[in-house]
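Novice: Starting from the given sequences, assemble the full structure and let the hints guide the process.
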Amino acid sequence: MVSRSFPQLLTCFNRTAVGSAGCRRFSITPPGRATPQSNTAVERVTSPWTLMAAVCLQRLPVITADCSPIEQRFKQMMQQMELEKSLLSDHELRLMEDAERMSRKQGNEYDSDEEEGHGDQAIMLAQDLEDTWEQRFKSFQPAPRVRADLDKDLTSVQRCLADSLVLLAEQQVGAEKLWLLPQAAWQEGETLRQTAERALCSVTAAGFKATFLGNAPCGVYKYKLPKAARTESSVGTKVFFFKAILADSAPGTAPNTALLWVKKSELQKYLKPAYMMKVDRCILSL
Amino acid sequence: MNHVFRKLQVTVTQQASILSPSLCRTTPSIQHPVWCTASVGDREYKGMPTHGIGRWKYLLPRQAPKKKKDKTQMKQMVSATDTAYGTLNVKVSGYDMTVVEHYSQYIHNLCNRLGIQVAESYALPTKSTEVMLMQEQGNKMYVEAVLKTHQRVVQLSSLNTSLCPIFVDVLLKNQPEGVQLSVKEHTEADFQARFKARPELEGLIAQINQ
Chain A
1 MVSRSFPQLL TCFNRTAVGS AGCRRFSITP PGRATPQSNT AVERVTSPWT
51 LMAAVCLQRL PVITADCSPI EQRFKQMMQQ MELEKSLLSD HELRLMEDAE
101 RMSRKQGNEY DSDEEEGHGD QAIMLAQDLE DTWEQRFKSF QPAPRVRADL
151 DKDLTSVQRC LADSLVLLAE QQVGAEKLWL LPQAAWQEGE TLRQTAERAL
201 CSVTAAGFKA TFLGNAPCGV YKYKLPKAAR TESSVGTKVF FFKAILADSA
251 PGTAPNTALL WVKKSELQKY LKPAYMMKVD RCILSL
Chain B
1 MNHVFRKLQV TVTQQASILS PSLCRTTPSI QHPVWCTASV GDREYKGMPT
51 HGIGRWKYLL PRQAPKKKKD KTQMKQMVSA TDTAYGTLNV KVSGYDMTVV
101 EHYSQYIHNL CNRLGIQVAE SYALPTKSTE VMLMQEQGNK MYVEAVLKTH
151 QRVVQLSSLN TSLCPIFVDV LLKNQPEGVQ LSVKEHTEAD FQARFKARPE
201 LEGLIAQINQ
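First to last, the sequence lines map onto chains A and B.
Per UniProt numbering, the first sequence starts with residue 1, numbered consecutively.
Per UniProt numbering, the second sequence starts with residue 1, numbered consecutively.
Hints are computed from structural coordinates only; laboratory data are not their basis.
Careful: at least some of the hints might be erroneous.
Straight-line distance between alpha carbons at most 30 Å, and here's what the computed DSSO-like set of lysine-lysine pairs gives [said to hold, decoys possible]: (1) 173(B) with 264(A); (2) 152(A) with 278(A); (3) 173(B) with 75(A); (4) 148(B) with 138(A); (5) 272(A) with 91(B).
Specialist: Have a look at this one:
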């Protein structure tokens, strides 16, 4: 294997309001990679396994998941406790002062000269401020959290905003078409991570921007060819999985292969059992 | 030298004899003051079974003598090797202080659990942002709100490459709302940015250099 120095990782992940693309906004500073130094005299041990690299591209959740009933009750109780233990804020103190001043004004013995200089507070009451804020809040329309039609569409990247989704592609393996994580064969002179990046580009036609989470694979799947097809030089394939996070989901062109975005619970319907076991271990169900 | 000592001893023994009636009531007879005997070799109290019973400082490890004036030095920066990243800064920032602090504590605890060495864990100064809105009638802007951005940094001394994707994945999956996460390399400039500028000192240095 060609030796290369280690690229540095510089990434920035934002979890703020939902952007137009329905994904977390990312800022990626490209890592400074050194060019690979090719050793002139390299003893390559040819192994009978063909190497492939697959990319486990995940779209992270965009909104928070709904709380279970116990969580809701606990949340309410904690909020109530904190409210009862807390001190009054500046705004609430102002409200109380204004109310008190109002009541004194209405009283018989009111001398405006004795009033301390509260200039603008007398003009703009705290209650008025609160009313304007209420008005503005009412006129704000948030986007709907769950859209049933989008949830059912498996090819849309905006489905199930509260869960994390994995990309599956239908690829030709041997004689049949299977649903797999997008994979590509390893070629001489490149690292496995570059192979995984190439796999992503080829499958999605360069529509997705992904951040790879490191140079080390997170899982491996070994496939031995059936005895009839085995030869001296090819016993089977080893597929290494690399984790990546979706940065920008603006599909420029239509993908050339069929793509699916599935939740971890739905993976079972599409993947072969042996493959599914290995992939399952890589994906965190949080 | 010797006759000086003997003179001291003479005067001292005289005092001891004068005071001995009062001393005897309070002190046990075995203990004799040090300067009564001729040489250090036969201190009688060392024969006491409980001699040196309260000593503990000799059990502590040897510490170098602490210098009073110690300028804050940066911890040694680890450089990246083939199998591990160097010193990394995991910066957590957001508007809600409790959420930001709890998330940074979660990251620190996770590192302890996973065996990742945490070099430092500190906070950067809070930045206040004033949100100003234009008035509906007129050109004046008025202050609508003041937003405070809190930042916490967890500095990792080294991170294994095989552990890195899993670690970052766990951090991202547990990231709370309204919190920004950033993983960067630690540089000398980052360390120097934490210190306050001292304009008088810089002025004096400039004057000296001129």
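Novice: Just to be careful, I want the Cα atoms of residue 148(B) and residue 138(A) compared with a cutoff of 30 Å; is the pair within it?
Specialist: holds, 25 Å
Novice: Given the hinted pair residue 173(B) and residue 75(A), is their Cα-Cα distance within 30 Å?
Specialist: holds, 21 Å
Novice: Would you check the hint for residue 272(A) and residue 91(B), treating anything up to 30 Å between C-alpha atoms as holding?
Specialist: Status violated; Cα separation ~40 Å.
Novice: Are the Cα positions of residue 152(A) and residue 278(A) separated by 30 Å at most?
Specialist: Roughly 26 Å separates the two Cα atoms, so the pair holds.
Novice: Under the criterion that the straight-line Cα-Cα distance not exceed 30 Å, is the pair residue 173(B), residue 264(A) satisfied?
Specialist: Holds, because 14 Å separates the two Cα atoms, which is no more than 30 Å.
Hint 5 from the list above is the single one not met by this structure.
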